[in-house]
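A.B. asks: Now for the letters of each chain:
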Amino acid sequence: MSSAATADGRDSIELYLSRLDAALHTVPASEREEFVREIRGHIFERLEQSNDVAAVLAGVGDPEELAKQFCTETSLVQLARTGSPWRLMRTAARWALSGSQGFSMFMVALVGYGLGASFYISAMLKPIFPDHVASSSTTGISISDSTRRRKGTISPDRTSRSTR
Amino acid sequence: MYSAKHNNGSEDKWEVQLRKGCLDLAILASLSRGRLYGLEILRVLQQDAQLVLAEGTVYPILSRLKQDGLLHSEWVEADAGHPRKYYWLTDAGHQRAEAMARAWTDFATNLNRTVEPLLNGKEHV
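If you read the protein sequences in the order shown, they are chains V and P.
Plus 1 on top of the position in the first sequence (first one is 1) and you've got my numbering.
Plus 4 on top of the position in the second sequence (first one is 1) and you've got my numbering.
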């Protein structure tokens, strides 16, 4: 590090690195430490050519943004390797917070897996409760029938008759 | 790079996306010269490829390329100051870089043909 860098400068570097470290809390410790160490090396080598700590830190970019990029880049690789729905949802949720593309991906995954799970559960329950588990269209009709019947019991003419 | 995100011009957004899309290839290509650490890769990108970006951006990509098995890395103590993490291409990385370079060249050739009328002012018939 340049000898000209002030104590304030050193403080702002440590603050930057601790913000980066904190934003990487979901990343396993060994990977997180290695990444922070790499960024630390970059910052200090940059300071050999420039004494402007603020400009060097600005050049590296916002620490939270950088942490987000690291999480998005590296967890997508794990996703491709495992293909587990849980990991896909977690990655998509993190991604969803970073932009509209991620958000729509998350919603598609949520609706897709939700529908898949509900079909699976209905299929499993059908042999056990054949009368209670029906396809969504018939269930819809039975619900509306019962509500109509229930409405009928409190029809205005009948209540007026009973009060008379 | 981050300031460009807040720019209203769709041209700027498009250019940012274009640069981002080319980063993998540019990084792999810079490493085809041999072992480099992050800051050296950045210098190649900024000087040769004219890719202007937030400097931190290359490190998450390097981590991913390593996870993908395209890069090896090793920490080396520098004479003065902080250790440097050097990267170099694996065999798979070399193959991937060559395949991407071919795909890029084909793509650019075809697209250049498509946009040629715009550059020659022939679009106003």
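Calculated from the structure, these hints are not laboratory results.
Misleading hints may appear alongside valid ones.
[Unchecked claim] Below, simulated DSS-like cross-link-like pairs (lysine-lysine); rule was C-alpha separation at most 30 Å, straight line: (1) P/Lys-89 / V/Lys-69; (2) P/Lys-24 / V/Lys-69; (3) P/Lys-24 / P/Lys-70; (4) P/Lys-70 / V/Lys-69.
A.B. asks: Now look at each hint and say whether the structure bears it out.
C.D. replies: These are the hints, each one checked on the structure:
Proposed proximity of P/Lys-89 and V/Lys-69 is supported: the alpha carbons are some 21 Å apart, at most 30 Å. Proposed proximity of P/Lys-24 and V/Lys-69 is supported: the alpha carbons are some 16 Å apart, at most 30 Å. Restraint check: the Cα-Cα separation between P/Lys-24 and P/Lys-70 comes to about 18 Å, which is no more than 30 Å; the hinted pair holds. At roughly 18 Å between alpha-carbon atoms, P/Lys-70 and V/Lys-69 fall within 30 Å of each other, so this suggested pair holds.
In summary, the structure agrees with every hint in the numbered list given earlier.
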